[in-house]
Amino acid sequence: MTPKTNTNEEDIELFKKYQTTKVLDENGKLLKADIRLRNDLAQRNAKLVTFVINKFYSKKQKHKELRSDLLQEGHLGLFDAIDGFKPELGFKFSTYATWWIRQSVNSYLLDQEPMLHIPSHIRTARNKLFNLAKERSTAFKDIGKDMLEELGMTEKMFASVTEAIKTKSWNVRSIDEPLNSSIDPHALRGRDKTLRDIIPNNALDISVNIDNKRIRMAAKEAFAKLNLREKCVLLERYGVDCSKIVAKENVK
Amino acid sequence: MNQKYITIEEGEDYRTIAGKMTKLGYKMNHATARNILLSGMRKFVMNMAESLGRPLTDDECNMLVMRQDIHEVLGDILPLCITEETKSCPVAK
Numbered sequence: 001m002t003p004k005t006n007t008n009e010e011d012i013e014l015f016k017k018y019q020t021t022k023v024l025d026e027n028g029k030l031l032k033a034d035i036r037l038r039n040d041l042a043q044r045n046a047k048l049v050t051f052v053i054n055k056f057y058s059k060k061q062k063h064k065e066l067r068s069d070l071l072q073e074g075h076l077g078l079f080d081a082i083d084g085f086k087p088e089l090g091f092k093f094s095t096y097a098t099w100w101i102r103q104s105v106n107s108y109l110l111d112q113e114p115m116l117h118i119p120s121h122i123r124t125a126r127n128k129l130f131n132l133a134k135e136r137s138t139a140f141k142d143i144g145k146d147m148l149e150e151l152g153m154t155e156k157m158f159a160s161v162t163e164a165i166k167t168k169s170w171n172v173r174s175i176d177e178p179l180n181s182s183i184d185p186h187a188l189r190g191r192d193k194t195l196r197d198i199i200p201n202n203a204l205d206i207s208v209n210i211d212n213k214r215i216r217m218a219a220k221e222a223f224a225k226l227n228l229r230e231k232c233v234l235l236e237r238y239g240v241d242c243s244k245i246v247a248k249e250n251v252k
Numbered sequence: 001m002n003q004k005y006i007t008i009e010e011g012e013d014y015r016t017i018a019g020k021m022t023k024l025g026y027k028m029n030h031a032t033a034r035n036i037l038l039s040g041m042r043k044f045v046m047n048m049a050e051s052l053g054r055p056l057t058d059d060e061c062n063m064l065v066m067r068q069d070i071h072e073v074l075g076d077i078l079p080l081c082i083t084e085e086t087k088s089c090p091v092a093k
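Residue numbers (the working numbering), protein chains in the order written: chain F, 1 to 252; chain U, 1 to 93.
To be clear, the hints were calculated from the coordinates, so they are not data collected in a lab.
Watch out, some of these pointers could steer you wrong.
Stated by the list, open to error - Cβ pair distances, simulated, as ranges: (1) 16/U - 140/F: 57 to 65 Å; (2) 16/U - 209/F: 33 to 41 Å; (3) 57/U - 217/F: 17 to 25 Å; (4) 138/F - 73/U: 23 to 31 Å; (5) 57/U - 195/F: 46 to 54 Å.
Said to hold, decoys possible - Straight-line distance between alpha carbons at most 27 Å, and here's what the computed BS3-like set of lysine-lysine pairs gives: (6) 141/F - 156/F; (7) 20/U - 248/F; (8) 59/F - 43/U; (9) 134/F - 43/U; (10) 27/U - 248/F; (11) 86/F - 55/F; (12) 244/F - 220/F; (13) 27/U - 225/F; (14) 62/F - 27/U; (15) 128/F - 166/F; (16) 225/F - 43/U; (17) 20/U - 64/F; (18) 22/F - 86/F; (19) 20/U - 220/F; (20) 244/F - 20/U; (21) 166/F - 141/F; (22) 244/F - 213/F; (23) 86/F - 62/F; (24) 92/F - 23/U.
Backbone N, C-alpha and C define an ideal beta-carbon position, used for all residues, glycine too.
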């Protein structure tokens, strides 16, 4: 397939045409549009998604693993950009669309990260707070009212973010996750160690537990059959104070 | 395995035990303390084996009582017994 020629003027004409087909509700939400035209515009700007992914999401191993997913998410972002683009403002479409593509991809990546779901608005707020704290060289706990006002954040939201950080849900990991997080074919075959392999299991085996219970019961019964003198001498021999036993006997 | 004495790392010697027991109202000397300990130990092991459904003969019991590892395990088990024994004792608390 030969790539379509993509000139700025052509794009602007198409966007203007697309805008005329859009039907919005009273809140500005898109109800209806010419899907063919939108697809055409998306196809013409598809290379932008690849460009953004290559530029911003190609360094980390995790991004490399998810490349095809990121491309798909990027295209969804591109659709949003096409719906929201206003050619009359005079900006280039690529400038506008880059942000939408990045937003879509970032949102996808954030959804992938924690095992527990954290609402995106909490994540965004957390990132803003962390960035501001870093900018001011202050600790997160020292963030005051003035800084919250600066971000336009309520104290309730700040409390929610703090709570989310406390639960450490960002640090939740699967016990079956291979320790080597890269895609290693050996890891998938179970040759790599997982957290389950290295976390010590302090709980006793059930059979051992039952045995211990039986032995304890037997010891208790056997000990109860001894007379007080024998009990005391035995206990003292092992350094256990027998005054409690004597006190109990005296109560009887 | 044919050893004559059993030593334990923690705990009291027979003279100290005899002194304590005398204070508690059970007058005895170190030899008596030793004899009581040995007979008590024998009884305890016999009773326990019976509770676990495997009664011992006298010879088996004597052999067990002379084993160092059995004495060490008893050191772990006996504190548990006293905890159970004194659970319902108001004075002991």
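Hints, one by one, checked against the model:
no., hint, result
1, 16/U - 140/F: 57 to 65 Å, "holds (60 Å)"
2, 16/U - 209/F: 33 to 41 Å, "holds (37 Å)"
3, 57/U - 217/F: 17 to 25 Å, "holds (23 Å)"
4, 138/F - 73/U: 23 to 31 Å, "violated (59 Å)"
5, 57/U - 195/F: 46 to 54 Å, "holds (52 Å)"
6, 141/F - 156/F, "holds (15 Å)"
7, 20/U - 248/F, "holds (17 Å)"
8, 59/F - 43/U, "violated (74 Å)"
9, 134/F - 43/U, "violated (72 Å)"
10, 27/U - 248/F, "holds (20 Å)"
11, 86/F - 55/F, "holds (25 Å)"
12, 244/F - 220/F, "holds (16 Å)"
13, 27/U - 225/F, "holds (22 Å)"
14, 62/F - 27/U, "violated (79 Å)"
15, 128/F - 166/F, "holds (17 Å)"
16, 225/F - 43/U, "holds (8 Å)"
17, 20/U - 64/F, "violated (76 Å)"
18, 22/F - 86/F, "holds (12 Å)"
19, 20/U - 220/F, "holds (24 Å)"
20, 244/F - 20/U, "holds (14 Å)"
21, 166/F - 141/F, "holds (12 Å)"
22, 244/F - 213/F, "holds (24 Å)"
23, 86/F - 62/F, "violated (34 Å)"
24, 92/F - 23/U, "violated (100 Å)"
The structure fails hints 4, 8, 9, 14, 17, 23 and 24 (numbered hints given earlier, in ascending order).
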